[in-house]
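Peer 1: The residues making up each chain are set out below.
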Amino acid sequence: MTDSTTNEATPTSARGTGAAGASRTGVLRSLLRNRLAVCALGFLVLAAAAAVLAPLIAPHDPAHQDLLVRLRPPAWQSGGSAEHLLGTDQLGRDLLARVLYGTRVSLLVGAGAALLAGLVGTVVGLSSGYLGGWLDRVLMRLADVQLAFPAILLALAIVGFLGSGLWYVILVLGFTGWVAYARVVRSEVLSLRTRDFVTEARAIGVTDATIMRRHLLPNVLAPLATIGTLHVATAIVAEASLSYLGLGVPKETVTWGGMLSDGQLYLGTAWWVAVFPGVALMLTSLAINITGDALRDVADPKAYRR
Amino acid sequence: MTGTTVSPPSPAATEPPAAGDAKDAGRVARVLRQVALRLGTALLVLFCTATVAFFLVRLSGDPVKTLLPPDATAQQEESLRAGLGLDRSLLSQYLHYLGGLPRFDFGDSLFYNQPVRTVLADRLPATLELAAGALVLTLLIAVPAGIVAAMRRGRPTDRGVMATVLLGQSTPPFWVGILLILLFAVTFQVLPASGYGTLAHLVLPAVTLAVYSVAVVARLLRSSLIDVLSSDHIRSARARGLGPVKTVLRHGLRNASLPVVTVVGLEVGSLLGGAILTERVFSWPGVGQLTVEAIANRDFPLVQATVLLFAATFVVVNLLVDLSYSLLDPRVRSSR
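Protein chains in written order, with my numbering: chain A, 1 to 306; chain B, 307 to 642.
Calculated directly from the structure, the hints in this document are not laboratory data. One should not assume that every hint holds.
Here are the simulated SDA-like cross-link-like pairs (lysine to any residue), alpha carbons at most 25 Å apart as the crow flies [claimed, not checked]:
1) B:LYS552 with B:SER630
2) A:LYS251 with B:GLU599
3) A:LYS251 with B:ALA602
4) B:LYS371 with A:LEU31
5) B:LYS371 with A:PHE161
6) A:LYS251 with A:ASP262
Note that this is a predicted model, so its numbers are computed, not measured.
Generate the whole structure from the sequences, applying the supplied hints.
Peer 2: Structure (C-alpha cells):
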C-alpha cells in the first residue's frame, strides 16, 4: 500500500529518523491544502477544547435535575428559553451541558482505545513480521480468531459479564482493535526486513529489539497514523453503541450513547433529547474519518481517494 | 460449496493416474491440502471461540443469584444449581458442553427454560429476513453507485457519491435508525417505528442495516473499478468500439468484484454488530436482540450459543469468499 513512502524514507532512516521530521512538515502542509480536512481538524480541536473545558463552559451541572423544566425545547423554538439553549431532557437536565460533558467520555475512549490497540498491534506486527517462524504463525492465527469475533459482541460480553466502567470499555476496545494495526505493520515489515539497511544493521551485531525499534518502527509510522486516526472514530462509535445498549459506561456518567438511548423514548414528543447527542456523535466521527482519509491521501498518493 | 470446487478434478485422484496425469494428481493433492488447511483453520477458530465464550461467561459469578429472588434460601439455591448442572466441576461442565456442540446441543436456556436450539430457531428467521433485506438494498444501491462514481471519476457525480459514502461510514447504525424513525414514523407517519411481521415493518430496519454496507461496497467497488478500467484489456475493448457502459459491465465488473468480495467477507463482523444495534433500535425480535437480552440476563448457555453462531457465520462467509475466488478469477483456479 505505502511502498512509495517507505522507499523514500529508507535511505535516511537507516541512519536515523531525520527523514521522518522533514516529511512530517510536508504532511502538515499537504493536509492544510485540503480545505475539508482543515475544517474537520478545526472541529476536532473545538471538540477537544470542549472536553477539557466542560466544567468551565457548561451552563449547568449536567447531572442537575429540575423536574419543573422537563423536556423543554431548544431556545429557538416556542416554549424554549435562553436558560437552556438546547433544551432539557426527561429529568430537566440541561442538554447543552450534557452534550459538552459527553465529549469527554467519547474522546477519552476513542484516543485511549486507539493508543492501546496501536501499541499492541505494533508490537505484534513488528515481532510477527521481523522474527517470523512459529511466532508469526501463532500470532496470525490469533488474529484470525480475533477477527471472527465481532468486536462489538466481544465487548458486549466482556463488559456485560465482567462489569461496566470507563476503563473496562477502553481496555476492551483497545484489546479487540489490534488486528488491523498488526496486519499492516507486519506486511510493511515483511518488505523492509530484506532491505540493505536492515541486513547491514544485523551484520554489525545490532540486536533484534534495537532493529525493530530504531530501523523498522520509524518506517511504519505513516500507515500507523492513518489506521490510528480512523480507529479513534471506530472506538468512539463502539463506545456509544455499548452505552446505547446500556452495557457500557455506568448510567451516571454522561455519554452520547446513553443520551440517545434515553432520547429514543421521547422521539414522539421531544426530538431534541436524541438529536443533539446524535449530531455531536456523527459530526465527531465524520471529522475524524475526514482527517484520517486526508492523512492517507497525503501519506500514500497512490491510494488517492480510496 | 466445498464439494463443487473439489469434485471436478477428483476422479483423477481416485482412479490410478494415467501416464500423462501425474501433474494433474499433484495439483489435486495441492487443492485438497488447501481445502483441508482452510477447514482446519475454520474449526480451530470455532473451537477457540467456544472455549473463550465458555470461560468468559463463568468469570462473572453466579447466575443462580440473578435467577432467584433475593430472599431465596440456601437450599433453594443449591437445588437450582444442581438442576442447572452448575454444581459439577468446571472441567466436567466444559467437556459436557464441548460434547454437545457437534450435535448442535447447547443445553437449556436458563431464562427461557427451553433448549437453546429451540430459542435460537425461534429468533433466527427474523434476523435472516433483516439480513436479506439489507443485502438486497446493498446490491441495488451500492453496485450502481460504485459503477457511476468510477466512470465519472473526479466529476460532481463522483464527489457526491463519495461524500454520501463518507457520511454513511461515519454514522452509527442506531443513530441512522433513530433519524429514520423520527422522519418516517414520527413526522410523516408512513412507516411503523417498531414491530415485526409485514413488509412495512422491514423497511426502516433494513435501510438502517444497509447504510454501512452500502457505503463500504460502493467505496470499494469504485476504487477497484478505477484500477481495472486503466488496464489494457479495457482499453482494447474500448478501442474495438464497445460502449463505455457495456465495457464496464462485460469486462470491468467481474475483475473489480474480487477485492470487494474479500473485504465484504472481513466486514461481516461489523455487519453482525450492526444487526445487533439495528434490532435493538426497532425492537426487532431477532438473534441480535436475543444476544443482548441473554447477556443482561446472564443466560450462560444462550450467550455461548449466540457467540458461537456469530463466529460460525463469519467463518462460513469467509470460507465461501475464499471459494468464490476461483469462480471469479480463473487465474486463482489454475495457479493454486
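Peer 1: It remains to establish, for every hint, whether it holds in the given structure.
Peer 2: Results of checking the hints against the structure:
1. Taken as a hint, the B:LYS552 and B:SER630 pair is honoured in the structure, with Cα atoms around 24 Å apart against an allowance of 25 Å.
2. The straight-line distance between the Cα atoms of A:LYS251 and B:GLU599 is roughly 18 Å, inside the 25 Å bound, and the hint therefore holds.
3. Proximity of A:LYS251 to B:ALA602 is assessed by CA-CA distance (about 15 Å); at most 25 Å being required, the pair is judged to hold.
4. With a C-alpha separation of about 56 Å, the suggested pair B:LYS371 and A:LEU31 falls outside the 25 Å cut-off, and the hint is violated.
5. As the CA atoms of B:LYS371 and A:PHE161 are separated by approximately 14 Å, the hinted pair is consistent with the 25 Å bound.
6. Distance restraint check for A:LYS251 and A:ASP262: the Cα-Cα separation of roughly 11 Å lies within the 25 Å cut-off, and the hinted pair is therefore satisfied.
Hint violations for this structure: number 4 only, all remaining hints satisfied.
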